[in-house]
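S.K.: For the protein sequence lines, the chains are R and L, in the order given.
Under our numbering, the first sequence has 61 at position 61, and the numbering climbs by one with no breaks.
Under our numbering, the second sequence has 129 at position 129, and the numbering climbs by one with no breaks.
It is worth saying that the hints were derived from the structure and are not from the lab.
There may be inaccurate statements among the hints.
[What the hints assert, rightly or not] Which stretches of chain L does chain R cover? Using the computed rule of at least three CB atoms under 8 Å from a CB of chain R, they are:
1. 2-13
2. 50-63
3. 214-221
4. 227-236
[To be verified] PhoX-like, lysine-lysine: derived pairs with alpha carbons at most 25 Å apart:
5. R:Lys277 <-> L:Lys3
6. R:Lys236 <-> R:Lys14
7. L:Lys254 <-> R:Lys277
The beta carbon of each residue, even a glycine, is placed where N, CA and C say it ideally should be.
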Amino acid sequence: MVDLSFKIKDLYFKNPVLTASGTFGYGPEFDDFVDVSELGGVIVKGTTLEHREGNPYPRMAETPSGMLNAVGLQNKGIDYFIKHIYSEIKSYKTNMIVNVSGSAVKDYVEVAEKLNHLDAIPAIELNISCPNVKEGGMAFGTSCESAQSVISAVRKVYKKVMIVKLSPNVTDIASIAKTAEDEGADAVSLINTLLGMAIDAEKRRPILSTVTGGLSGPAVKPVALRMVWQVSKAVKIPIIGLGGIMNATDAIEFFLAGASAIQIGTANFIDPEISIKVIKGIEEYMLRHNFKTIDEMVGKLEC
Amino acid sequence: MKKSVQYFTINAVERLDAEHILIEAVSPVPLQGILPGQFVNIDVEKSKTTFLRRPISIHDVDEAKNSMKIFVKAVGDGTRAIYEMQKGEKLNTMFPLGNSFSYSNSQKPLLVGGGFGLAPLYYLAKKIAQNGIRPTVIVGARNSKNIFLTEKFQDIADVHVATNDGSLGEKGMVTEHSLFTNLENFDKIFVCGPEPMMKAVGKIAVSKNVECEVSLENTMACGIGSCLCCVADTKDGHVCVCTEGPVFNIKDLKW
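Taking the hints into account, I'd like the entire structure generated from these sequences.
M.R.: Next comes the structure, spelled out in structure tokens:
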């Protein structure tokens, strides 16, 4: 038998497979395909203080081995979440984590304060890395000073587990990760999408309404692995790795690079059952390689 | 019907020209309760350059044979790879997705297809005919080479054609067809085709106070309302075409 569980501070996860924010809705979208409660965790859609309509269509462009999106944090706001969505998802027997986004420090703080009171939400993922909003978002995650301001402010009010989601659109992600750790983050997740663009040559126009968007999918996996590996050398808090994971082998690569857990993102769009398949695949790998716990496998890259 | 991913087996292909194909595929699970207007999302496993699934309208369902037909136009690599598929091959299919045309309250329906936009209208015509009503169908295209499958409608519907060059049916845009001069004869219009054509039909429908539903074809990733990529701008804000649509009443759209 292998033990797939892991912990962030005192928060227990039955397995290390979570679904990434913005790729799994709130959970019910996938009820027809999987038993959501079998997942290690679900990180729900980025939630802001106010309702956001997001960016105009078109918001998506398919790219080689991936896709660009420019959704722009469309969501109905934290109060709507609490009133209408929370009751629908609180019975899932897994860690339901809310991704918190904002355009000002006080917005993040206010949303986090409200989430303190929801018993079935044991953690938040602080999104300082969304590339698709004009104000805030990624701007907070691309310098140590701005990251520090938002992380420390939220840490003062949020009592449960705080994960900080990092942007890959930086020169030195390890220094941002270290800042997150120093300011009280309980874990970091990386990577958010890479800023990119797509062009329609015939029309001589950008494909996305916003011109640029966030690249995800297997195209970004090598970058994500490299960043997880670099961050693992810089911090002691757990790392949740994501970026282009399409199967269990991809997931294993992230553990070996130093991640304690992983998130499945874009792959959910192609195979809505992939998250559960990855859990089984990780277990099979651990049996074959004689790993009894996830912890034994983390950072076991030989180089 | 519960959504799932299944491997359908192709049991017939009919290539109508170098771009258009009608595929019949058999489901391993019972095909009951699929609604006209719904679509499938196909993972094109044989195309190296196709990362996302391809949303394709359901053209017809035969519940007795447990089969479904899709009408596909080879536009890019993904749909080209579907076009090249042969009898016996498997189609990785996520289905059934989306809402439905709301046809049950219509006594005098008009179905308007823009060329290839005819795809979802056959199953709709069939369902309407099953209710004892003979729908009127009009298909418009640039020329006769872009008019497909109209003969298959003839047992269940009155079929009209308009071509821009007059090579088949009346000459002119579909909205210039004589049927449109007496649009009040119909109580509901169901449209699928290029957006400018759907907007043109919608505008006339509004001016004549006739209900009108259109099927949108926005680019999608997931097909199940989780990525929020395919949104349409409606009076309720951005909503997912894959779950709130693809069929919309034009009065709900910001057209």
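S.K.: Would you mind marking each hint as holding or not holding in the structure?
M.R.: Hint-by-hint comparison with the structure:
| no. | hint | result |
| --- | --- | --- |
| 1 | 2-13 | holds (count 4) |
| 2 | 50-63 | holds (count 4) |
| 3 | 214-221 | holds (count 4) |
| 4 | 227-236 | holds (count 7) |
| 5 | R:Lys277 <-> L:Lys3 | holds, 18 Å |
| 6 | R:Lys236 <-> R:Lys14 | holds, 21 Å |
| 7 | L:Lys254 <-> R:Lys277 | violated, 41 Å |
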